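What follows is the residue order along each chain.
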Amino acid sequence: MATVGAIHVAVPDALPPERTWAASLWLFVWKNPLGAAGGFLMILLLVIAVFADVLATHNPVRTSMHVLAPPGGEFWLGTDNLGRDLWSRVIHGSRISLLVGVGATLLGAVAGGLVGLVSGYLGGKTDLISQRLMDIMQALPILVLALVLAAAMGPSLPNTIGAISVVIIPRAARVVRASVLAIREFAYIEAARALGVGHARVALRHVLPNTIGPFIVLITAQLGGAILVEAALSFLGLGIPEPYPSWGRMLSIAAAEYAQKAPWLVIFPGIAISLAVFGTNLLGDALRDTLDPRLRGS
Amino acid sequence: MRTYVVKRLLIAGVTLLGMSVLIFFLMRLAPGNITDIIFESAGYVDQADKKRLEAELGIDKPIPVQYAHWLGEFLRGDLGKSYRYDLPAWEIIKPRLPVTLELAVLAVAFSVLLGVPTGVISATRRGRPVDYALRVLSLAGLSMPSFWLGMVVILLLVRSLGLIPSMTYVSPFEDLRANLFQFVLPALAVGYRSSALIMRITRSAMLEVLREDYIRTAWAKGQRETLVVWRHALKNASLPVIPLIGIEFAFLIGGLIVTETVFNLPGVARYLVDAIQGRDYPIVQNLVMLIAVVVVLANLAVDLLYTWLDPRIKYGKA
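These protein sequences, in sequence, are chains A and B.
This note's numbering applies: residue 1 is where the first sequence begins, and numbers increase by one.
This note's numbering applies: residue 299 is where the second sequence begins, and numbers increase by one.
The reader is advised that the hints may include incorrect statements.
So, partial list: chain A residues that the calculated Cβ filter (under 8 Å) puts toward chain B [unchecked claim]:
(1) ILE136
(2) VAL148
(3) ALA221
(4) GLY224
(5) PHE278
No lab work stands behind these hints, which were simulated from the structure alone.
Bear in mind the structure is a predicted one, so any value in this text is a computation, not a measurement.
The C-beta atom is built at its ideal place from N, Cα and C for all residues, glycine as well.
Start from the sequences and build out the full structure, keeping to the hints where you can.
And the structure:
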């Protein structure tokens, strides 16, 4: 009988140390410089919104005698047609944008996510009907549906959030449904069912947490869209009413007649919108590449 | 193939029917009915007059009857009457259609001409500075509100060249140069945004196709880069761009709404905003329904075209 010699297996002396939170963050920044720039812009937006009262040099809604003053001196970015300080208005506008953007996105994503979870998990007729309903909601261009909803409900802050969230529902439902359909087939779901776990518990405890990756990607992607829709609605006079300093609304006043006389009224609020949306888009792209490996490098 | 077409047509029909219900009830969410709005501007309300007008407009009837009546008229091509202008809606929409159509066609042309080549260049130079620069530029395009881009373009034009685009519409048959001068900028403002989407899809499709065996064969045969990339690879990579045009179409209408307003072009999209602001709800209802029909039909056409162009797609699955 032949004997088997000792087998040499390369065993590492120690496992690599677990990556710390800071190291993971650094890895993300190193691998996704663009995404990190987006993250930085988002944090900046958040900081500006939180500390708007400190950063603003004037009351954003108080009018003054200094009408259409050019940038410089006391008014860093100039004043508007009612003598309101543009810098303070742009700073405070971040609150409106963030509030509407985050509020509408979360509301729409949670509602749509639930629809997607139920329709993907139950399948059959429920799925068919809810899919058709989502088709109907998606048949209209985003802005048209938001316009009609906003017009029907009247211009106000909660109504604007509501109108935009409705637009997000079908998009969220689609994303969550697709990942629920894949997760439903895994063996551990079958195992949970075999152990006698109820449907509601399986759906909420075992399926739902695994949809979190696509869900986060969806939220970042929709956030920029929501901010843009709010700007467009307010620009058309159907979003945030005066005197709230909404970036879109500021542009519509500027467009009216002061664009040539006071170009700063056009330039600065637009830059603010673009930077905010640019930040969400950069971060959203990087998160998609990181959390959704199928799309990596594409 | 035939069952597939029939199935798609049925789904499109169901979608539009659902859409009509949604729009109809949304318009009834708004506070007050059309008679309130008409009488509001008159300043005083004679209840008998109001009742007579309500009967004349049919809004004293039960909601389902009103809905059936509206749908019947819409299907017969009657778009109703504008209360603000006291004209049939079609009379107002008809002269506005060519404006929106020209703007839409130019914008789509720009977005393809800009999006496809940049997508190809970005894919072939993947990871290099050109790729990064083009991707950042396209993301910037997706991030800027098109109405703001339009405003800035007008501003720059006036400031640097002293040119002011005409604020009244010039027909291409009257003066082609003036007409193009008027349309190029808004079309660019809308098209730039859409080109970002096309660029991204073209890029990822190209990256996938460039990895395929037949491309390696083409390289191995010693074919020139231009031939391999622009002829062999792009042919297959352009397939995913086609369904995107359907999606982009809906995107485009959103862009047209604000851009027509900024550039003061008397198009259909602009009229929708006017009607919403003037609370001309019957017109809003019909216009939104019309937009839904156009978008659903455009998507249907694009889907059918796609299955026809790409024989790998099975008809049964949809």
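Results for each hint:
A least Cβ separation of about 4 Å between ILE136/A and chain B falls short of the 8 Å threshold, and the interface hint therefore holds. Hint on VAL148/A holds. Least Cβ distance to chain B is approximately 6 Å, under the 8 Å limit. Interface restraint check: ALA221/A against chain B, minimum CB-CB distance 10 Å, threshold 8 Å, status violated. Interface hint at GLY224/A: satisfied, since its Cβ lies 7 Å from the closest Cβ of chain B, which is below the 8 Å cut-off.
At a threshold of 8 Å, the smallest CB-CB gap from PHE278/A to chain B is about 4 Å, leaving the interface hint in force.
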